[in-house]
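Listed in order, the protein sequences are those of chains A and B.
Per my numbering, the first sequence starts with residue 1, numbered consecutively.
Per my numbering, the second sequence starts with residue 181, numbered consecutively.
Hints in this document: simulated from the structure, not taken from any laboratory.
Don't take every hint at face value.
Said to hold, decoys possible - FRET-style restraints, in silico, Cβ to Cβ:
| id | chain 1 | residue 1 | chain 2 | residue 2 | range |
| --- | --- | --- | --- | --- | --- |
| 1 | B | ALA315 | A | LEU15 | 49 to 59 Å |
| 2 | A | ARG153 | B | CYS201 | 26 to 36 Å |
| 3 | B | ARG202 | A | GLY143 | 39 to 49 Å |
| 4 | A | ALA10 | B | GLU317 | 44 to 54 Å |
| 5 | B | ASP323 | A | LEU15 | 37 to 47 Å |
| 6 | B | GLY292 | A | GLY143 | 49 to 59 Å |
| 7 | B | GLY294 | A | LEU18 | 24 to 34 Å |
| 8 | B | HIS220 | A | THR166 | 58 to 68 Å |
| 9 | B | ALA244 | A | ALA17 | 19 to 29 Å |
| 10 | A | ARG153 | B | ALA288 | 56 to 66 Å |
What the hints assert, rightly or not - Derived coverage of chain A by chain B (criterion: at least 3 residues anywhere in the stretch with Cβ under 8 Å from a Cβ of chain B; other residues may be distant):
| id | region |
| --- | --- |
| 11 | 6-20 |
| 12 | 68-78 |
| 13 | 120-134 |
Quick caveat, the model's predicted, so the values are computed rather than measured.
The beta carbon of each residue, even a glycine, is placed where N, CA and C say it ideally should be.
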Amino acid sequence: MRIVRGAVAAAVLALLALLVWDVAHGHGPGVAQKVDAGKIVAAPALNLPRIDTSGRLSLASLRGKIVVVNFWQSSCVPCKQEARTLAAAARAWKAKGIGVVFLGVDALDLTSAARGYIAHYGVEYPNVRDATGSTYPNWGVTGVPETFFVDRRGRVVPPHIVGGATRQTLDEGIRRALSS
Amino acid sequence: MRAAVAVAVAALALAAPAAACRTHASQSHLETLLVCLECHTTLDESNSPFANQMKADVARRIAACQTEQQILDAMVAQFGPTVLSTPQTHGFDLLAWLVPLGGVGLGAAAIGGGAWHWSRKRGPGGSQAPDPALAPEDERLVDDALDRFDV
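Starting from the given sequences, assemble the full structure and let the hints guide the process.
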């Protein structure tokens with residue numbers, strides 16, 4: 001009987017330990033919520049495989065540049081509606097030569113569909129693939145499209161665009177990141 | 181005559197791939213084995229755009245004569261093992277099978293142990309063990325008390 005009691009106690013302790021571990025390692029509020037409250041916060045790590053070419057790309061490798069991070073999905077209608085605007089804005093800011101780059105993060109998507117989307121909308125900036133949506137909690141992304149602005153010091157600065165971006169909201173975000 | 185030969189040759193050429201694909205994987209069965217990672221339900225229970233995209237991809241692969249296992253492998257390669265509705269039977273996923281079995285084993289052991297302990301307390305005859313006999317002094321006091329009730 002003592003053995004059974006011991007086993008039950010061990011099982012209860014193990015479950016409690018699992019609960020504590022889960023709470024300790026759980027995701028707090030994502031970057032989006034903090035940025036929406038007007039805060040400037042360090043950008044979460046982002047290191048994912050490229051869709052448009054081979055290899056990986058990390059956000060850290062773009063330190064020193066303004067990075068426009070756009071979360072999208074090929075089956076999302078608002079993403080399609082903003083796609084050409086983003087592509088045009090990326091080309092225009094690249095032409096200025098002041099270190100503004102765009103980075104697309106395609107989450108929960110089929111590779112073939114994502115590649116078709118990139119080709120269809122003439123997206124020339126780098127795109128990475130988050131197969132399981134693992135970046136969503138840290139960034140606080142609740143749906144697509146969402147767009148963030150990362151300054152030269154690797155910090156996410158307001159504003160954070162929820163839904164389709166326009167040329168005006170993109171330019172405004174980039175200017176604020178440039179001045180931060 | 182030449183036309184008939186040409187038709188026969190064309191028919192044979194077209195028949196070859198069709199024969200190679202005689203056993204099609206089942207779309208409906210595959211939809212129960214794959215999970216829409218966005219809505220966390222199996223594909224057959226979801227109509228989200230992402231699930232529909234996955235269903236279309238499965239259909240394309242079936243049309244391309246891929247086997248069920250090849251299609252599942254391709255999905256796992258794209259999205260990882262979480263795309264499968266049932267955990268795999270190797271690696272870390274094996275725990276998903278072993279832990280419940282271990283729990284059932286522990287429960288059975290607890291019930292068995294408890295039953296064994298209880299049966300030992302009740303004694304070999306199956307009946308409750310008799311109360312120990314009274315000490316002679318106590319027995320005499322009880323007899324005296326009972327005598328007082330006798331008429």
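Each hint, compared with the structure:
1. B:ALA315 x A:LEU15: 49 to 59 Å: For B:ALA315 and A:LEU15 the Cβ distance comes to about 51 Å; the hint holds.
2. A:ARG153 x B:CYS201: 26 to 36 Å: About 57 Å separates the Cβ atoms of A:ARG153 and B:CYS201, which means 26 to 36 Å is violated.
3. B:ARG202 x A:GLY143: 39 to 49 Å: Since B:ARG202 and A:GLY143 have Cβ atoms about 44 Å apart, the given range 39 to 49 Å holds.
4. A:ALA10 x B:GLU317: 44 to 54 Å: Given range 44 to 54 Å: holds, Cβ gap about 50 Å.
5. B:ASP323 x A:LEU15: 37 to 47 Å: For B:ASP323 and A:LEU15 the Cβ distance comes to about 59 Å; the hint is violated.
6. B:GLY292 x A:GLY143: 49 to 59 Å: holds, 52 Å
7. B:GLY294 x A:LEU18: 24 to 34 Å: holds, 26 Å
8. B:HIS220 x A:THR166: 58 to 68 Å: Distance hint for B:HIS220, A:THR166 is violated at roughly 33 Å.
9. B:ALA244 x A:ALA17: 19 to 29 Å: Roughly 48 Å apart at Cβ, these two residues miss the hinted range, so it is violated.
10. A:ARG153 x B:ALA288: 56 to 66 Å: Cβ of A:ARG153 to Cβ of B:ALA288: about 60 Å, so the range 56 to 66 Å holds.
11. 6-20: Per the Cβ count (3), the hint holds.
12. 68-78: This one holds; 4 residues, not fewer than the three required, reach chain B with a Cβ under 8 Å.
13. 120-134: holds (count 3)
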